[in-house]
Amino acid sequence: MRRNLKSLLKFCLLSAVTVIITVLVYRMVDNNFGLVNSVDNNILPHPKSLTDNEKIDWHDYKAIEKDSKRVGTGEQGAAAYLTSLERANYEKLFRVNGFNAALSDKIALDRAIPDIRHKSCKTKKYLKKLPSVSVIVPFHNEHWTTLLRTAVSVINRSPAELLKEIILVDDFSSKEFSKKPLDDYLATNLPKVRAIHLPERSGLIRARLAGAKAATGEVLIFLDSHTECNVNWLPPLLEPIAQDYKVCVCPFIDVIAFETFEYRAQDEGARGAFDWEFFYKRLPLLPEDLKHPAEPFKSPVMAGGLFAISSKFFWELGGYDEGLDIWGGEQYELSFKIWQCGGEMYDAPCSRVGHIYRKYAPFPNPGKGDFVGRNYKRVAEVWMDEYAQYLYMRRPHYKMLDPGDITKQKALRERLHCKPFKWFMTEIAFDLPLKYPPIEPGDFGFGEIRNLGVPEICVDAGFKERDQVVGIADCAKGTDIKADQNFSLTWHKDIRVKGKTLCFDVSDANDKADITLYPCHGQEGNQYWRYDIEKQWFLHGGNPRCLDCEPGAKKLFVTTCDETSKTQKWRFENVNLTMLADWNNVGKLIT
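Residues in the sequence shown are numbered consecutively from 1014, following my numbering.
Hint data in this document are derived by calculation from the structure and do not stem from the laboratory. A quick note: this is a predicted structure, and the numbers were derived from the prediction, not measured. Be careful, since some hints might not be right.
Using 27 Å as the maximum straight-line C-alpha spacing, the simulated DSS-like pairs for lysine-lysine come out as follows [to be verified]:
no.	residue 1	residue 2
1	Lys1079	Lys1141
2	Lys1513	Lys1294
3	Lys1119	Lys1135
4	Lys1138	Lys1311
5	Lys1311	Lys1325
6	Lys1259	Lys1068
7	Lys1177	Lys1205
Required output: the full structure, derived from the provided sequences and hints.
Here it is, written out as structure tokens:
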């Protein structure tokens, strides 16, 4: 018995020694891999374990299959229309929302929308370990169904283990359902969603800040209140942040048509930018980005309303500047701050979110003067250094505005050792001056555009606004030139209405295509025009058609060029012969 006990003890002792030696050997191997350098024995940071780097397919295939079978009004993102019996509240609701809210009420809150991602996105895997998320949705008098559809789309298309909460920030709405009825509905139907109600109208910027202060997730995602998240939208936003907390990521923003609620792509990607009046613009993708259509790409400036950022980095940057009032300039302030203070910003092509672009803003002016101008000056004075002068050149009255106390913001910039704006312009937005030069060349021509076939007829924009058709009218007499008979052929090679940022746009390929007014984008295509001074033609597009008119019908259009047509000949009041002669080179050497 004692002999057996001794044998058992020897066996246990040998086993223990074997386990200890095995552990030591594995530790030595692991040290040589990561902890200890076998050559110089320096201590190095341990690499992420294989578990931390593991990637998985986050698609919810059951939900995708279920959505594919849905039918009904607006399903699959198809355009929808009201019947004649359903249009009773159309005008009233459109007037207070700027979109077809009556139709929204006919569309399911959980409707299916088309998966229009690049095909590579559909097989892409992301880190298994991703941070938790708080989604923040500020709103003021948002329509009931568009607000709820935003929240429902987030819940239905987000992995439940990643979505910690959705916070709806009510910026002192006056619509009754925005108060207790909303709270009751959320408590009963959407337990992950809560609303916080601001005691006074604070504006979009401070509403976002209020939501961020209440959030508990590791990552803050800001959305507008009339959006719909698409398939697997969340992991592409989170992975770059999981890899580096100083990264901000924006989704692709698709279009939900304000009249029909059709869901469609805006484009397949562009880099955010601005002109020197602070209008948001876009730059083309770089060649290296085009090679990898499913990978995130660097973007100088965010569009503003839809983005993801780690809570830690957001507050390290001081959040939004609380001195910015209502709305305007906040996307530039945060974008400049991210880049200049050690962070990076990307657009993620595999994350897509639809957004209703209202036909017009239905909210009254808050009565706070030029708050947008003050915001712009505040951003310029804190972040733009000597480049602020180019904003003031275009908006001289900004110099007279009081931006308020900016000492706290300048101290933040100093404390974070942020880079100068020149670094941002040369390293991040390096091609912006080619499209939007700080000092612009002159115009190719300007003034009235008079028809030579019928000399009393001039092109006339008729004080019309976006999306309306340009026509012709009797030319103004003598020096009494009407503003809407005054145009410029700019160095962007577009025709602009004097004093407006609206350009002549032709999107129709038919033989007699209308000319409509559309916001100038400086990217040629539908807005490309050229003046042939010898033939006295205004030519549109890369496969040019000529500007023509029907005087009796007061109609203006583009059509096939005809050298025998007198109505295709136009006298441009003032032309720059030197610039026209150097047409192909204008803009190429701007720095």
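**Message:** Hint by hint, where does the structure go against what was stated? Just the numbers, ascending.
**Reply:** Of the numbered hints, just 3 does not hold.
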